[in-house]
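Peer 1: Below, each chain spelled out in residue letters.
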Amino acid sequence: MPIPVLMPALSPTMTEGKLAKWHVKVGDAVKAGQVICEIETDKATMEVEAVDEGTVAKILVEEGTEGVAVNTPIVILAAEGESAEDAAKSTPAAPKAAEASAKVEPQPKAEEAPPAAKPSEEKKAAPPAPSSPAPAPEPEWKGKTVRMTVREALRDAMAEEMRRDGNVFLMGEEVAQYQGAY
Amino acid sequence: MAKPATKPKVDAPAAKSKSSQPGDNSVTPDQLKSFYRDMLLIRRFEERAGQLYGMGLIGGFCHLYIGQEAVVVGMQSTINGKDAVITSYRDHGHMLACGMDPKGVMSELTGRRDGYSKGKGGSMHMFSREKNFYGGHGIVGAQVPIGTGLAFAHKYNGNKNVSLTYFGDGSANQGQVSEAMNMAALWKLPVVYIIENNRYGMGTSVERSTAITDLYKHGQAFGIPGEPVDGMDVLAVRAAGEKAVEHARSGQGPYILEMQTYRYRGHSMSDPAKYRTKEEVDKYRSERDPIDHVRKLMLEGKTADEATLKAIDGEIRKTVNDAAEFAQHSPEPDPSELWTDVLAEA
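So the protein sequences, as listed, match chains A and B. 579 is the number of the first residue of the first sequence in this note's numbering; add one for each residue after it. 86 is the number of the first residue of the second sequence in this note's numbering; add one for each residue after it.
Among these hints, one or two may not hold up.
Said to hold, decoys possible - The calculated BS3-like cross-link candidates involving lysine-lysine, where the alpha carbons are at most 25 Å apart (straight line), are:
id: 1; chain 1: B; residue 1: K368; chain 2: A; residue 2: K603
id: 2; chain 1: A; residue 1: K596; chain 2: B; residue 2: K395
id: 3; chain 1: A; residue 1: K599; chain 2: B; residue 2: K395
id: 4; chain 1: A; residue 1: K609; chain 2: B; residue 2: K395
Bear in mind the hints are in silico, worked out from the structure with no lab data behind them.
Make the full structure from the sequences, and use the hints.
Peer 2: Given below as structure tokens:
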């Protein structure tokens, strides 16, 4: 059976990426562990390795394509003993991908409640009375807002601090340079 | 105290003089074949785990053992089933080497009911009392005092078992590691500390983080003997391991083995590993691969032919495919499981 290779998620939050570079072309034999392409996210460029052995039958996503959704088939490999032509004709099905994406859809709220509380009771139950007065609401921010990742916010805050005070320095800058999650 | 051998230069992956050669008769052809099989199982399992992670079927963090297989396979061949094993969060290989079922391990990775922690622990938190595997641990270095405690229990119970306590070069600088080593030496506990020095603690190289980069010397303050080992050569690992385990089992106290190894993948799935060169990785992969090494030993020593190896490859591939298939179809844990296994009354 032809083997489709899917666009991988490289972190728990990645939803799409750019197919930056192909390392293989149609007709190439691929071994497990071999780098087949590079993908780029807003955070980093990473290499993708083949898991299965086979021959590259068809490249489905061209080099340089941006916004390729996770779990999209990107290349078809012909398995051992298969002709690349036949494999290329097959339509890649990604049932597992569909299953995976279905998993992350928000669940109905009732399922999040502890098993002791039945869904019907939960709706009727009044919210527990606060034991202390609620904190005063934060004054509404009237200025401009920007969207940024926690990583960027931390980086900018550290940079600001270092500009403000010449004695502030970072110990172990390689920790700040590290691009992965834990 | 054992006199440590000269440390091979880590920058030159081809430590040819130390590597085992075809015709090495310290192991039988069957043992060699079983090393090949065990290492290949870990390699293929980890590649598949990486793929499932990419498909969103494994959540959270995931640390692959690819490249380091010779360490755990060589060490596990030196102990019996009653000895305790404990390691860090880069733990899938250790579980497989302990004989844990690939289906149960993979199901834990996908967070399913048939996983070793019923799908509630994930990649970093799996245990098997049956196999005396005391876990993957998520806190850097935390397994070292626990592994030392296991050795204390062995000594206290007078059962002649040892504790294999694995940790990485990053953990080697942890305060709790030194404290544990002191106690192990003081009470002559039967523990072998196996430092898997893969050269980078997350993204920081040993040279940038460690005052004494010869990690096998880290027990010197406590009088713990140690030696460096070519961690890419399963036979070198086994030879050093036998000696260290015998030392611990015979009541002479702890021993340190610094396994000089290398991980091919990033620290975790999201790490693009920009802190090292592609050439460095390629050099290890092409010249020092532990699986290729054993393959070569078998072919050149004529203890196995291509057909035999191909049959093993196929068998391993099937085992791993079955595990991956199983792990996708095992149901998720019931919500009521949230309240179970929180406290164990002793």
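Peer 1: If a hint holds in the structure, say so; if it does not, say that too.
Peer 2: Against the structure, the hints:
| no. | hint | result |
| --- | --- | --- |
| 1 | K368/B to K603/A | 24 Å, holds |
| 2 | K596/A to K395/B | 36 Å, violated |
| 3 | K599/A to K395/B | 32 Å, violated |
| 4 | K609/A to K395/B | 14 Å, holds |
In the structure shown, a violation is registered for the earlier hints numbered 2 and 3, in ascending order.
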